[in-house]
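Student: Generate the whole structure from the sequences, applying the supplied hints.
Here numbering that gives the first Met the number 0 is used: the first residue of the sequence shown is 0, the next is one more, and so on.
These are computed hints drawn from the structure, not numbers from a lab. Hints are not guaranteed to be accurate.
[Unchecked claim] Think about it this way: if two alpha-carbon atoms lie no more than 30 angstroms apart in a straight line, the pair counts; the simulated DSS-like pairs of lysine-lysine are:
#1 K76 / K203
#2 K260 / K144
#3 K76 / K140
#4 K91 / K190
#5 K91 / K252
#6 K203 / K253
#7 K144 / K203
[As the list claims (entries may be wrong)] Computed beta-carbon distance windows for the label pairs:
#8 S240 / Q69: 33 to 41 angstroms
#9 P103 / P207: 12 to 20 angstroms
#10 D142 / E251: 17 to 25 angstroms
#11 T246 / K185: 33 to 41 angstroms
#12 E77 / S273: 38 to 46 angstroms
#13 L262 / F120: 23 to 31 angstroms
A virtual CB, placed ideally from N, CA and C, is assigned to each residue, including glycine.
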Amino acid sequence: MIDRVITMGLKAADSQMGNERHLILQYLAKILNFNKVFKNLNCLRIMYSSLTILLLSIIYFTPQEDIYTQRRQNMVKEQIASRGIMDAAVLKAMRSVKRHLFVPGERVANAYDDRPLPIGFGQTISQPYIVAYMTAVINPKPDFKVLEIGTGSGYQAAVLAEIVREVYTIEIVPQLAGSAAENYKKAGLTKIRSRAGDGYFGWKEYGPYDAIMVTAAAEYVPPPLIEQLKEGGKMVIPVGSPFLTQTLMLVEKKKGRPVTKSLLPVAFVPFTRSK
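Tutor: Right, here's the structure in full:
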């Protein structure tokens, strides 16, 4: 009887909570197996069964957002701050933006992992550390207007929008541009203006920009983006051949000319152009 209750509880919790709490469910399954193996040790079986029911109650009634909030806190502490990023505004933004809203449903359980994740159409959502690093590099301020090339799922733009006044973002894949716009609505973000198009030419209508962020690897820095960068502005862009290790570059506009600096090796999806 106890085993049947535990099994039903596991199935109910799994259907309610999905993949997000799969580790706890696996642990509960081990407890269930213990009950079966040691079926003659009634005292131990009762103790472990009671523990199982307690854990099921905890995971069933704990609000899902509480779990996500803790995972974001851990992500910032273990993946970002521990690697030397100390910009208070960036850390706050990374703690605030709900990354799980910007990954496909089947990837939600991995939303706060220390790695990039596929989002479809050959594109990815960048590793949290890289998102934080690139954001810190442009040194964003509350009055900034920022252009992003390569919207993807919209996560990087969402992080920027937590800090700056205006964010403009362009995505070459129409389906991703559309889903990113839906993600902004789910996240309650209103400071982001997005469109589908070829990011090579930037978005001249709203320029010049205090900073520009490119989230796909180009073989060279597109001249239109340099033109749309304010004097003294910063651009961060991965430069190099597709599918090989590229170099993340900082481009600063000084006296109308670009001054570049190599930052670190990276691996980004290619900068895609319209045909």
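Student: For every hint, state whether the structure bears it out.
Tutor: Hint check:
Between K76 and K203 the alpha-carbon distance is near 38 angstroms, which puts this suggested pair outside the 30 angstroms criterion. About 22 angstroms separates the Cα atoms of K260 and K144, which keeps this hinted pair within 30 angstroms; it holds. A hinted pair counts as satisfied when its Cα atoms are at most 30 angstroms apart, and K76 with K140 qualifies at roughly 22 angstroms. With a CA separation close to 17 angstroms, the supplied pair K91 and K190 stays within the 30 angstroms bound.
Among the hinted pairs, K91 with K252 is consistent with the structure: their alpha-carbon atoms are about 28 angstroms apart, no more than 30 angstroms. About 20 angstroms separates the Cα atoms of K203 and K253, which keeps this hinted pair within 30 angstroms; it holds. In summary, the hint linking K144 to K203 is supported, as the alpha carbons are separated by about 13 angstroms, within the 30 angstroms threshold. Restraint check, S240 to Q69: a C-beta distance of roughly 40 angstroms satisfies the suggested window 33 to 41 angstroms.
Between P103 and P207 the beta carbon distance is about 35 angstroms. The supplied range of 12 to 20 angstroms is therefore violated. The hint said 17 to 25 angstroms for the Cβ distance between D142 and E251, and at roughly 18 angstroms that hint holds. Taking the beta carbon of each, T246 and K185 are about 35 angstroms apart, inside 33 to 41 angstroms as hinted. Between E77 and S273 the CB atoms are about 40 angstroms apart, so this pair conforms to the stated range of 38 to 46 angstroms.
For the pair L262 and F120, the beta carbons lie near 27 angstroms from each other, so the given range of 23 to 31 angstroms is met.
Violation of the numbered hints given earlier is confined to hints 1 and 9; the remaining hints are satisfied by the structure.
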